[in-house]
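For the sequence shown, position 183 (counting from the first letter as 1) is numbered 183 according to my numbering, and the numbering increases by one without interruption.
Hints are computed from structural coordinates only; laboratory data are not their basis. Take these hints with a grain of salt, some might be off.
The following label-pair restraints were derived from C-beta to C-beta distances [to be verified]:
no., residue 1, residue 2, range
1, 164, 316, 47 to 57 Å
2, 208, 508, 21 to 31 Å
3, 390, 294, 49 to 59 Å
4, 408, 380, 23 to 33 Å
5, 294, 331, 17 to 27 Å
6, 373, 304, 18 to 28 Å
7, 543, 504, 47 to 57 Å
8, 513, 487, 33 to 43 Å
9, 380, 304, 49 to 59 Å
10, 333, 255, 32 to 42 Å
11, 232, 506, 28 to 38 Å
Where is the CB? At the ideal position from N, CA and C, for every residue including glycine.
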Amino acid sequence: MFYTSAINLATMIVSILLCLFACPATLGFRQSSWPSNRAGLFPFRQEPPHNNHHVLSDGTTMRTTSRECWQLGRRKHRHGSKTTTRLPMVFDSLPPEIMEQISTQDVLDRILDESLRTSARKPIMIQFDPSSRAIWRHWRGTVFQETWRSAIRHAVWAAIVYFLFVRCPRVKSVFGGFNIIWAQILGVTTFTLTFFVNQSYSIWCRILGICRNLQGRLNDYLMAAAGLAQRNEDIQPKSATMPTLRRTSTASQYTETSIKLLRVQARYVRLFSILLYASLTRSHRPLLTPQGLRRMVARGLMTEEERAIIKQAAVPANTRHNVVLMWLFRTHLQGCKAGIIEGGAGLEVQLIRRVQEIRGLANGMESVLKGRMPFAYAHIVQVLVDATLWLYPFMIFSSDINLYLGFMGTLVLTTCYQGLFDLAKQFLDPFHNENFWLGSDALEVDTLIAETNANSVRWMNCLETMPMTTDDIASGRLDDFLLPEDGFTVEEAAQAAERERARQAQLEEQQREQQQQQQGRTTPALQKKAAKAAAEQEQEALLARLEVTAGELEETVAILNAQPGLDFVPGLDDEGESLQYHKSYGRSNVTDMLDDADDDDDNELVDQFRETAVSQLREVKELVEGGESGSTPIL
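Make a model of the complete structure from these sequences and hints.
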């Protein structure tokens with residue numbers, strides 16, 4: 001009996017290990033296609049290949065083994081014959097000589113490639129379908145991915161305790177009634193662990209809130225600068241870019257100097273954001289090194305003079321973003337004095353307040369990361385969780401529970417309690433600065449930087465051209481902008497469209513009459529040439545209309561398929577460079593979401609949008625094909 005149980009248990013453990021090591025997908029889990037958000041950006045995030053070469057500052061090459069590279073990310077402290085590994089905290093910088101060696105140009109370019117984007121490749125965190133079936137299918141970013149090794153260890157320990165009780169009944173008798181003591185420990189552990197998770201989650205939410213508030217304050221600053229920058233009035237707009245401005249031939253645009261100043265301020269905002277997150281995260285820390293600053297000059301983030309000033313500033317290396325913030329502050333004040341930024345004393349007060357808020361949020365994030373949780377609190381929770389899990393086999397098998405129920409109970413209890421504790425520690429490390437976990441669901445720093453980059457020019461582009469000028473407002477020429485509060489009815493809109501078609505038909509008739517009059521005064525050869533030119537012009541107009549209609553169809557499909565809440569439309573605003581979001585989101589597009597909800601009305605609405613766009617494109621294609629098959633030759 002004893003040997004049969006041992007063989008069955010060993011077979012069960014080996015089967016589980018083979019399934020987990022082979023592929024988590026065999027258990028029904030789904031993994032995302034992209035790696036961890038830190039993989040590949042910093043050399044000691046994953047074990048590099050053998051025989052690595054690192055370029056030193058003097059141009060020589062240092063050859064290191066894969067084991068040496070792997071150990072660069074961990075601090076080894078030797079005491080006699082013992083070796084202890086201390087996980088690096090957020091602001092424990094690596095020695096400068098090590099950073100000098102591993103911050104190669106290839107690593108810097110990979111970091112800067114993501115930091116220079118204006119459209120994020122990934123959402124700020126894992127997106128998911130809230131249905132239970134989709135949640136159970138996920139593997140990446142779950143407690144199963146983080147705790148399965150711990151669950152196997154505790155299961156093996158439970159098997160050892162079981163066979164100890166079978167071979168030594170006296171040991172089992174010693175633990176008679178131990179279930180009462182263990183139940184008391186379980187109650188204390190459950191209460192303490194639950195409260196610890198809540199406290200850790202509040203810190204995670206606070207960090208995310210600070211990141212969003214910081215983006216908001218930077219947006220406020222840039223929006224005020226864009227709205228108060230000096231402008232040229234009565235500018236002739238380009239009909240190609242603004243074909244609807246038929247009321248007047250003038251518009252309001254930035255002056256040449258003001259647009260340059262706004263672009264400089266936008267670059268300072270991007271540089272401030274990159275240097276700030278480089279000081280807060282290990283994934284972007286190489287940008288603070290001398291090689292990183294030089295590479296940022298080469299990639300167009302700063303000038304050589306600015307790099308020299310930042311390098312010589314009497315501030316710590318991880319607070320150099322404050323130098324850029326002061327540049328941004330002073331540039332705005334100098335623009336006000338030069339008359340490029342309009343405003344008075346009230347504007348300066350608001351400006352100072354916004355800069356102070358930006359400074360407070362940036363430094364507040366650093367303070368929260370440094371004082372995230374007292375060590376004694378985390379220590380007692382670790383003791384309680386370990387005591388509960390390691391003592392569970394003694395309690396369960398002293399109550400005459402069979403091996404299989406005890407084995408499964410150990411797996412479930414370890415997954416739940418160890419998973420909650422690991423989840424709480426992950427909340428305390430929102431940027432994945434420490435290597436005790438995989439970082440599958442850490443906050444995407446590249447996404448935060450890309451969003452800030454996009455916002456740095458958003459408000460300037462929004463006000464690049466304004467439909468009404470100062471002269472229009474001063475003279476009261478605003479009748480064309482006064483529209484009814486309730487809008488136009490369907491009948492009124494149809495009547496307006498009919499009048500527009502009649503006007504277009506009248507213009508075309510006048511053009512034909514003029515052409516006929518001109519043909520009556522010309523020779524047959526010139527008439528034939530004029531007819532050919534008219535046919536070519538009509539064909540070009542049809543082709544232009546076809547191109548516009550096809551573009552509208554692509555834009556319609558992209559907008560309908562975009563996930564709600566995104567700052568940009570994938571495939572439309574990012575030039576097709578972003579990853580497909582359905583790889584991290586359970587539902588791929590609008591149609592799938594509506595199918596899941598079984599909402600027939602919304603399905604009909606989406607189909608109507610798509611069919612309308614397709615029908616418009618088909619009509620234009622028929623017109624083009626009809627023109628190509630006409631009797632008039634097109635040369």
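Do the hints match the structure? See the list:
The given range of 47 to 57 Å is respected by residue 164 and residue 316, whose C-beta atoms sit roughly 56 Å from each other. In this structure the supplied range 21 to 31 Å is violated for residue 208 paired with residue 508, their Cβ-Cβ distance being about 59 Å. Take residue 390 and residue 294: their Cβ atoms lie about 52 Å apart, and the range 49 to 59 Å holds. With their beta carbons about 29 Å apart, residue 408 and residue 380 fall inside the hinted range of 23 to 33 Å.
Evaluation of the 17 to 27 Å hint for residue 294 and residue 331 yields a pass: the beta carbon distance comes to about 23 Å. A hinted range of 18 to 28 Å is violated for the C-beta pair residue 373 and residue 304, which are about 43 Å apart. The supplied range of 47 to 57 Å is broken by residue 543 and residue 504, whose beta-carbon atoms lie about 19 Å from each other. For the pair residue 513 and residue 487, the supplied restraint of 33 to 43 Å holds, since their beta-carbon distance comes to about 38 Å.
Checked against the hint of 49 to 59 Å, the C-beta distance between residue 380 and residue 304 comes to roughly 53 Å, which is consistent with it. In this structure, residue 333 and residue 255 break the distance hint of 32 to 42 Å, their C-beta atoms being roughly 19 Å apart. As the Cβ distance of residue 232 to residue 506 is approximately 36 Å, the hint placing it in 28 to 38 Å holds.
Consistency with the previously given hints fails for numbers 2, 6, 7 and 10, ordered from lowest to highest.
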